[in-house]
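**Q** Below, each chain spelled out in residue letters.
Protein chains: 2
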Amino acid sequence: MTLMTSWVESANSPDTDFPLNNLPYGVFSTNSLEPRCGVAIGDMILDMAALEEAELVTLWDEPVFDVPYWNDVMDLGPDTWEALRARLIELLSTDAPDQATVAPHLVPMGDARLHMPMVVSEYTDFYAGKHHATNVGTMFRGAENALPPNWLHIPIGYNGRASTVVVSGTDIHRPNGQLKAPDAEKPGFGPCKRLDIELEMGAIVGTSTEMGQPVTVAEADEMIFGYVLLNDWSARDIQAWEYQPLGPFQAKAFATSISPWIVTRAALEPFRTSTPEREKDLLPYLKEPGPMLYDIDLAVIIEPEGGAQEVIARTNYNEMYYSAAQQLTHHASSGCAMNAGDLLGSGTISGPEKDQRGSLLELSWGGKEPLTLQDGSERSFLEDGDTMILTGHAQGYGFKIGFGACAGKILAAIPYP
Amino acid sequence: MTLMTSWVESANSPDTDFPLNNLPYGVFSTNSLEPRCGVAIGDMILDMAALEEAELVTLWDEPVFDVPYWNDVMDLGPDTWEALRARLIELLSTDAPDQATVAPHLVPMGDARLHMPMVVSEYTDFYAGKHHATNVGTMFRGAENALPPNWLHIPIGYNGRASTVVVSGTDIHRPNGQLKAPDAEKPGFGPCKRLDIELEMGAIVGTSTEMGQPVTVAEADEMIFGYVLLNDWSARDIQAWEYQPLGPFQAKAFATSISPWIVTRAALEPFRTSTPEREKDLLPYLKEPGPMLYDIDLAVIIEPEGGAQEVIARTNYNEMYYSAAQQLTHHASSGCAMNAGDLLGSGTISGPEKDQRGSLLELSWGGKEPLTLQDGSERSFLEDGDTMILTGHAQGYGFKIGFGACAGKILAAIPYP
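Here the protein sequences come in this chain order: A and B. Residue numbers are given in the UniProt record's numbering: position 39 of the first sequence equals residue 39, and the series is strictly consecutive. Residue numbers are given in the UniProt record's numbering: position 91 of the second sequence equals residue 91, and the series is strictly consecutive.
Do not rely on the hints blindly, as some may be mistaken.
As the list claims (entries may be wrong) - Below are the DSBU-like pairs computed for lysine-lysine, each with C-alpha atoms no more than 35 Å apart in a straight line: (1) 280(A) to 180(B); (2) 193(B) to 180(A); (3) 280(A) to 186(A); (4) 409(A) to 287(B); (5) 193(A) to 180(B); (6) 280(A) to 193(B); (7) 280(B) to 186(A); (8) 180(A) to 280(B); (9) 409(B) to 287(A); (10) 186(B) to 287(A); (11) 287(B) to 186(A).
Hint data in this document are derived by calculation from the structure and do not stem from the laboratory. No experiment lies behind these values; they were computed from the predicted model shown.
Sequences and hints are given; from them, build the entire structure.
**A** So this is what it looks like as structure tokens:
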């Protein structure tokens, strides 16, 4: 697939995250505009609320873009999503007749503040990267028992906390919690000492299901509204002490960051790729009717306080063992109702090589092999002042489908009452 | 504390769940009324939307009772909750001057359909009953390792699924899922064979906190809007195969039932009681400044298809090792934002005796000691057609603070696509 050109000149650069091929959905505000729906195009944002008011885009009897979330658009269903994308392409392509009427509704991205693109209904995090699960399992249970017996059969997931999903750029306080060193007699309470990232993709469910209603993998794929980058901040020491027998809780509850732009399934369509060959045959309900992953290059960048940005890992979303569609099918398999705005974290994405690992836990091998940064400092886990940045894009011929950054800076723990 | 008498005669019976002392909050509809907020009094429901329209109760500039949830009232804060209760007592007590103006807004409970009393923001389930944790631990890990090492230090919890929390009376389809017998080579997919209940109380958070904001146990107690009975339906066979290493997921996601009336903290105030003596000293952040549990008698009733109701267990909420206030404090301790409408399940409530156990898993000891019902049939786990009913009340002198029933009937599994 090649670049689709736009009369918005900055959208035609091979370096922009947001060519006409992309058209991702976000929420923005400016000094004079309240938070509202917008579409990224080059270095501009199309003000969808203004476009709707000018009757240049009409999806529904009532306005759906003058609110700080895309959930209302999700509720209109896949046919409307498709119609919206077609209309946006029509308005923004090089030969668009409406250029003069649309141009006044473009806002420079530099003037805008970005917000959460949707109301997160519920957040579920999966554990579907085989390299990650193998690395973590090897560290905690030894190489012999690295993968739990269910891993090759179930896209393992757990419910996360939606109330602390925040948009890129939100500062993250180091969490407090119960900590217990393996040789300590009893736990203490204080700031986490092993604060980590998890490089993930987030799939956003756009179509709701009823309680009791299962969905096939093909149906699940069509239910997905789009994807974001996701950093599942993790307190490894809190997790180690709390997680048996019911899983991670406060170790993950303090924050999850996402990139601000929802990249639609339609934009990613040319980059579909298959999950790897199955090591054990999957149960029929999880079998994929076609390629359900995407070829998306990912990077993890660290920026120490006052220092330079430095890439510490590169990997690809195509490393996942299970796709978001498989995860969603499994999620609904018991009869669990799904809602528009549900966010599904892919699980940490690591490649087979050491510099392809999506967490510091793996990069520093549990703290035994600290990274040395360009400024000479070492990192096993995060320091206060570190900014962590995830980036990602699918590479077309002469264009990128980019996600924008998913960044967060670590601040000191809040003193406990 | 003695009975507060009302001019609604049925509220003065020692057998009603809903005397003037109680005044629990629900949502109801009738053939002619859309779902709206109501208050139970004897065998009647006070139509709060009508009362507000008649200006007999005014909490805010805008109406808050003409909606099918109490979340708007929660958002007004504890002072308003107190003022509302005082006003309701004023309107309904025996010597109320407004009897003639209020009476037309009473709806017979028999004419009403009850709905979910609130929008569940997020649902968290705990594991805070020591008898239950010991029983389950003994079955799965042996008596030596029954309690996990963290159990006496942490009110262990995990995030549940809010989208399938349903009101009493909602039928529950037996879930499908991945099942694997211990000696089977690989898993299969089909209807759960070990379907269970969990007798719990649910605490409803009424006050929101910001991300990063911890709360003391005393503050947490004041944040609680009220309590309901809660049945955390559980698929034991799905759970056994899926839960390592990240906890229960589809085994719990298909349904959670709650009783329809939110019994306020104020109504339960006379029944406060303390958590048991600590076996290990708690960390300071979890220490209670006073009694935070309640003396609430609980029962589990089974009604087989076409059969009679039969009590199979009796216990009390005062058997919990951790209170809801401690659970909420722990929940927020990492900086996790809490929201009005968050539902916290207590964990299964079992007493020390065999007939005080709050799950069939414990009552039948993993299926090894099936219960024999009055009709001669045996139960290790639930059969299709079984209706399970939880009841609970605090016993005053000549009155009860009751919760109404938390009931659900098991229907056959939905055929999988």
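**Q** A separate judgement is required for each hint: does it hold in the structure or not?
**A** Hint check results:
For the proposed pair residue 280(A) and residue 180(B), the alpha carbon gap of about 15 Å is at most 35 Å, so the pair holds. Distance check on the hinted pair: residue 193(B) and residue 180(A) sit about 39 Å apart at the alpha-carbon level, beyond 35 Å; violated. With a C-alpha separation of about 42 Å, the suggested pair residue 280(A) and residue 186(A) falls outside the 35 Å cut-off, and the hint is violated. As the CA atoms of residue 409(A) and residue 287(B) are separated by approximately 33 Å, the hinted pair is consistent with the 35 Å bound.
At most 35 Å may separate the alpha-carbon atoms for a hinted pair to count; residue 193(A) and residue 180(B) exceed this at roughly 39 Å. The suggested pairing of residue 280(A) with residue 193(B) holds, with an alpha-carbon distance near 25 Å, which does not exceed 35 Å. Between the alpha carbons of residue 280(B) and residue 186(A) the distance comes to roughly 9 Å, so the proposed pair stays at or under 35 Å and holds. Between residue 180(A) and residue 280(B) the alpha-carbon distance is near 15 Å, which keeps this suggested pair within the 35 Å criterion.
In summary, the hint linking residue 409(B) to residue 287(A) is supported, as the alpha carbons are separated by about 33 Å, within the 35 Å threshold. This hinted pair checks out: residue 186(B) and residue 287(A) have alpha carbons roughly 16 Å apart, not beyond 35 Å. Distance check on the hinted pair: residue 287(B) and residue 186(A) sit about 16 Å apart at the alpha-carbon level, within 35 Å; holds.
Violation of the numbered hints given earlier is confined to hints 2, 3 and 5; the remaining hints are satisfied by the structure.
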